[in-house]
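Each chain, written out:
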Amino acid sequence: AQSVAQPEDQVNVAEGNPLTVKCTYSVSGNPYLFWYVQYPNRGLQFLLKYITGDNLVKGSYGFEAEFNKSQTSFHLKKPSALVSDSALYFCAVRDILNNFNKFYFGSGTKLNVKP
Amino acid sequence: EAQVTQNPRYLITVTGKKLTVTCSQNMNHEYMSWYRQDPGLGLRQIYYSMNVEVTDKGDVPEGYKVSRKEKRNFPLILESPSPNQTSLYFCASSPGQGTYGYTFGSGTRLTVV
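Respectively, the protein sequence lines represent chains A and B.
Numbering-wise, the first sequence is residues 1 to 115 according to this note's numbering.
Numbering-wise, the second sequence is residues 1 to 113 according to this note's numbering.
Chain A on its own, in the form it takes in the complex:
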């Protein structure tokens, strides 16, 4: 079965420190992977995606993510966290093999960046 796991409900970091939000996936074939961010009282906004090519993809607001096929992971990273990065982050995979349009979302990770 296709699935996405975000093992941490919450991640706490100090402003200026690097941050990592973890995501692992299980899907048949090659995955299309996405990260979304949700600010309070807002809809989800697209951050970045991995389709093919370089394993390190760069996205909005200074975020990047590293695709690791052997570990089936797609961790979100940022070298220096900002207080304004505090939000809820969702990892998602699009199953292009069995159901071309279906997205599977993780349960979300709340990122808290302290001043």
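Since the hints were made in silico from the structure, they are not lab data.
One thing to keep in mind: the hints can contain errors.
Taking lysine to any residue pairs in the SDA-like style, the calculated list, with each CA pair at most 25 Å apart, reads [as the list claims (entries may be wrong)]:
hint: 1; chain 1: B; residue 1: K57; chain 2: A; residue 2: S107
hint: 2; chain 1: B; residue 1: K57; chain 2: A; residue 2: S28
hint: 3; chain 1: A; residue 1: K49; chain 2: B; residue 2: Q37
hint: 4; chain 1: A; residue 1: K49; chain 2: B; residue 2: K65
hint: 5; chain 1: B; residue 1: K65; chain 2: B; residue 2: T86
hint: 6; chain 1: A; residue 1: K110; chain 2: B; residue 2: K57
hint: 7; chain 1: A; residue 1: K77; chain 2: B; residue 2: G40
hint: 8; chain 1: A; residue 1: K102; chain 2: B; residue 2: D59
hint: 9; chain 1: A; residue 1: K58; chain 2: B; residue 2: T99
hint: 10; chain 1: A; residue 1: K49; chain 2: B; residue 2: M50
hint: 11; chain 1: A; residue 1: K49; chain 2: B; residue 2: T86
hint: 12; chain 1: B; residue 1: K57; chain 2: B; residue 2: E1
hint: 13; chain 1: B; residue 1: K57; chain 2: B; residue 2: T103
hint: 14; chain 1: A; residue 1: K114; chain 2: B; residue 2: G40
hint: 15; chain 1: A; residue 1: K69; chain 2: A; residue 2: K114
hint: 16; chain 1: A; residue 1: K102; chain 2: B; residue 2: K18
hint: 17; chain 1: A; residue 1: K102; chain 2: B; residue 2: V54
hint: 18; chain 1: A; residue 1: K102; chain 2: B; residue 2: N51
hint: 19; chain 1: B; residue 1: K18; chain 2: B; residue 2: V52
hint: 20; chain 1: A; residue 1: K102; chain 2: A; residue 2: E64
Dock chain B against the given chain A, drawing on the hints supplied.
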């Protein structure tokens, strides 16, 4: 501006009173979907539509209906709402091809009392 528009943003209703949450996109996207977001459960897909007059159930379709009579609109209908349908609802759209992500609406917070 390219966007997905949901209405209303907030809705409080009583058990059994039929309601409709509207969703409209201006990007000519083929694929549209409804999700509900509940604490600890992430996003769960209710229904999706791959094009006009083509809809299918997602993971949690019970108690919901949808229609896709026009490409831009994808309303979510609760014929007889119950308190367990209290949730935050999101509409999303995407071009039909798999390399694209979703564009999400701003959400509808529904409370059923």
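Exercise. Given the hint that K102(A) pairs with D59(B), test it: the Cα-Cα distance must not exceed 25 Å.
Key: 11 Å, holds
Quiz item: Does the structure keep K49(A) and M50(B) at a Cα separation of 25 Å or less?
Solution: Holds - the C-alpha atoms of M50(B) and K49(A) are around 21 Å apart, at most 25 Å.
Quiz prompt | Hint consistency between K57(B) and S28(A) [alpha-carbon to alpha-carbon, up to 25 Å] | solution = 21 Å, holds
Quiz item: K102(A) and E64(A): Cα distance at most 25 Å?
Solution: 24 Å, holds
Quiz prompt | Pair hint outcome, K77(A) versus G40(B) [Cα-Cα no greater than 25 Å] | solution = Holds: K77(A) and G40(B) sit about 22 Å apart, inside 25 Å.
Quiz item: Is it true that the CA of K69(A) sits at most 25 Å from the CA of K114(A)?
Solution: 32 Å, violated
Quiz item: Given the hint that K65(B) pairs with T86(B), does the C-alpha gap stay at or below 25 Å?
Solution: 16 Å, holds
Quiz item: Holds or violated: are the alpha carbons of K49(A) and K65(B) at most 25 Å from each other?
Solution: 31 Å, violated
Quiz item: Between K102(A) and N51(B), does the CA-CA distance stay at or below 25 Å?
Solution: Holds, at about 14 Å.
Self-check item: Given hint E1(B) paired with K57(B) - CA-CA distance at most 25 Å
Solution: Violated, at roughly 30 Å.
Quiz item: Is the hinted pair K49(A) and Q37(B) satisfied, with a Cα-Cα distance of at most 25 Å?
Solution: 22 Å, holds
Exercise. Sort out whether V54(B) lies within 25 Å of K102(A), counting only the CA atoms.
Key: 14 Å, holds
Hint violations for this structure: numbers 4, 6, 11, 12, 15 and 16, all remaining hints satisfied.
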